[in-house]
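There are 2 protein chains.
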Amino acid sequence: MKFVFITAVALGAISWGLFELATKPVAAAQEPGAQSSAVFDAQGKLKLPDPHVFRRWVFVGAPLTPNGLNNGHANFPEYHHVYVEAKNVDAYLKTGSFPEGTVIVKELTRVLDPTFPDGSRAEPSGRGFFNGEYNGIDVTVKDSKRFAKTNGWGFFTFGHHPLPYAEAAAEAPATECAFCHQANVAKTDMTWVQFYPLLRDKDPLK
Amino acid sequence: MKFVFITAVALGAISWGLFELATKPVAAAQEPGAQSSAVFDAQGKLKLPDPHVFRRWVFVGAPLTPNGLNNGHANFPEYHHVYVEAKNVDAYLKTGSFPEGTVIVKELTRVLDPTFPDGSRAEPSGRGFFNGEYNGIDVTVKDSKRFAKTNGWGFFTFGHHPLPYAEAAAEAPATECAFCHQANVAKTDMTWVQFYPLLRDKDPLK
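Chains as they are written, first to last, in our numbering: chain A, 1 to 206; chain B, 1 to 206.
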């Protein structure tokens with residue numbers, strides 16, 4: 001009888017522990033700035049963010065620099081789809097700056113085969129541009145200590161070409177990415193907020 | 001002793017029940033087609049989906065038909081940002097069709113003021129197009145019974161103009177929206193999957 005009693009108490013304790021385990025991680029994951037999704041390897045390279053994950057983050061804008069309008073070779077060919085985690089979007093909307101650990105992903109896609117020299121094509125919805133294949137990833141990570149020399153953000157490129165992307169990337173030299181952000185968007189937390197309606201216009205309803 | 005034993009067993013059962021409760025809703029919410037986000041009013045009009053909500057759904061593509069390339073008046077001015085709920089994206093990737101109740105939102109934005117006749121402008125990243133202000137919403141809802149006459153999808157427009165959008169919309173006549181989907185994309189569940197890399201290319205990693 002004593003054994004059964006102890007077993008029952010133990011079962012109670014174990015299942016309460018399971019309940020705690022099952023509920024706690026959900027709450028923690030939603031706390032703003034609780035954890036960065038940036039993962040660095042032993043050499044200090046940033047690991048490729050998982051496309052299955054970041055393609056489900058909040059989309060903030062799609063600048064488009066077609067090869068056809070950039071002498072055949074755009075610096076970023078061609079659509080730039082920009083994604084930010086929801087918790088960091090919320091923090092930006094509240095405070096005007098991104099929390100430490102924020103990761104911003106820019107995934108490129110080609111445009112579908114053009115029928116005009118400017119890169120556009122005719123479709124039932126009109127003449128314009130339409131997303132072709134995935135074509136590269138650039139990532140920025142906010143870490144004021146690690147990237148103090150470049151206004152608190154590190155810049156990484158995993159290649160501007162079709163899949164597969166590089167699995168890890170070393171920090172890009174400041175002359176390659178950071179200089180342009182420092183020159184143009186230092187006042188908006190090093191991010192091109194002026195191209196992202198949700199952030200720029202504060203997620204407007206009216 | 002007997003009382004304590006029963007109490008201990010009961011505690012075990014209760015905490016096991018709490019564990020079940022804590023874990024089950026997460027699974028249920030991810031079941032494809034569990035619930036539609038479409039809300040109709042008493043007159044059968046579709047209520048405007050909440051922008052704060054759908055702008056956090058999964059972004060699938062950004063066709064762009066600039067006014068500058070469409071005689072100054074594109075049918076859809078100008079960026080089309082297309083969003084689908086994650087559970088419905090997952091179902092599409094698994095089955096090749098969308099569950100009953102799926103809502104697809106296309107929110108338009110203008111392009112930032114152009115400096116060239118085609119609608120493009122020069123920015124540090126190159127010559128191209130950049131998201132201006134929000135400029136309209138079109139929505140499709142899958143309901144094979146309600147919209148049987150138009151291949152199972154209803155089409156709604158909340159205006160192609162700056163905010164505020166209409167608060168509710170009646171189903172658009174088939175000659176306005178559905179005919180074009182029926183003529184061009186009946187084989188891909190009435191949706192322009194060929195312009196949405198995540199859906200078209202099956203969310204590729206490699």
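No lab work stands behind these hints, which were simulated from the structure alone. None of the values given here were measured: they were computed from a predicted structure. There's no promise every hint is true.
Where chains are identical, the list cannot tell them apart; a pair therefore holds if satisfied intra-copy or between any two copies.
Derived BS3-like pairs: lysine-lysine, alpha-carbon spacing no greater than 25 Å straight-line [said to hold, decoys possible]:
#	residue 1	residue 2
1	K187	K47
2	K202	K45
3	K47	K206
4	K47	K94
5	K45	K94
6	K145	K202
7	K149	K206
8	K45	K187
9	K106	K206
10	K202	K149
11	K87	K106
12	K202	K106
13	K206	K45
14	K202	K47
15	K206	K145
Alpha-carbon proximity context of K45 and K187, limit 25 Å: neither (27 Å within a copy, 44 Å between copies)
Intra/inter-copy verdict for K47 and K94 if alpha-carbon distance must be at most 25 Å: neither (29 Å within a copy, 28 Å between copies)
Intra- versus inter-copy proximity for K206 and K149 (alpha-carbon distance at most 25 Å): The answer is neither: 40 Å in one copy and 34 Å across copies each exceed 25 Å.
Within, between, both or neither: K187, K47 at alpha-carbon 25 Å: Result: close neither inside a copy nor across copies, 28 Å intra and 39 Å inter.
Intra/inter-copy verdict for K202 and K45 if alpha-carbon distance must be at most 25 Å: neither (33 Å within a copy, 28 Å between copies)
Intra- versus inter-copy proximity for K47 and K202 (alpha-carbon distance at most 25 Å): The answer is between: 22 Å across copies meets 25 Å, while 31 Å in one copy does not.
Intra- versus inter-copy proximity for K206 and K47 (alpha-carbon distance at most 25 Å): So K47 and K206 pass the 25 Å test across copies only (15 Å; inside, 40 Å).
Intra/inter-copy verdict for K45 and K94 if alpha-carbon distance must be at most 25 Å: neither (31 Å within a copy, 34 Å between copies)
Within, between, both or neither: K106, K206 at alpha-carbon 25 Å: This pair counts as between: shortest inter-copy Cα distance 17 Å, intra-copy 28 Å.
Alpha-carbon proximity context of K202 and K106, limit 25 Å: Classified as both; 20 Å inside a copy, 19 Å across copies.
Copy assignment of K87 with K106, given that the CA separation must stay at most 25 Å: both (18 Å within a copy, 23 Å between copies)
Identical-chain pair category, K206 with K145, by Cα at 25 Å: Neither: 39 Å inside a copy, 33 Å across copies.
Checked against the numbered hints given earlier, the structure breaks hints 1, 2, 4, 5, 6, 7, 8, 10, 15 and satisfies all the rest.
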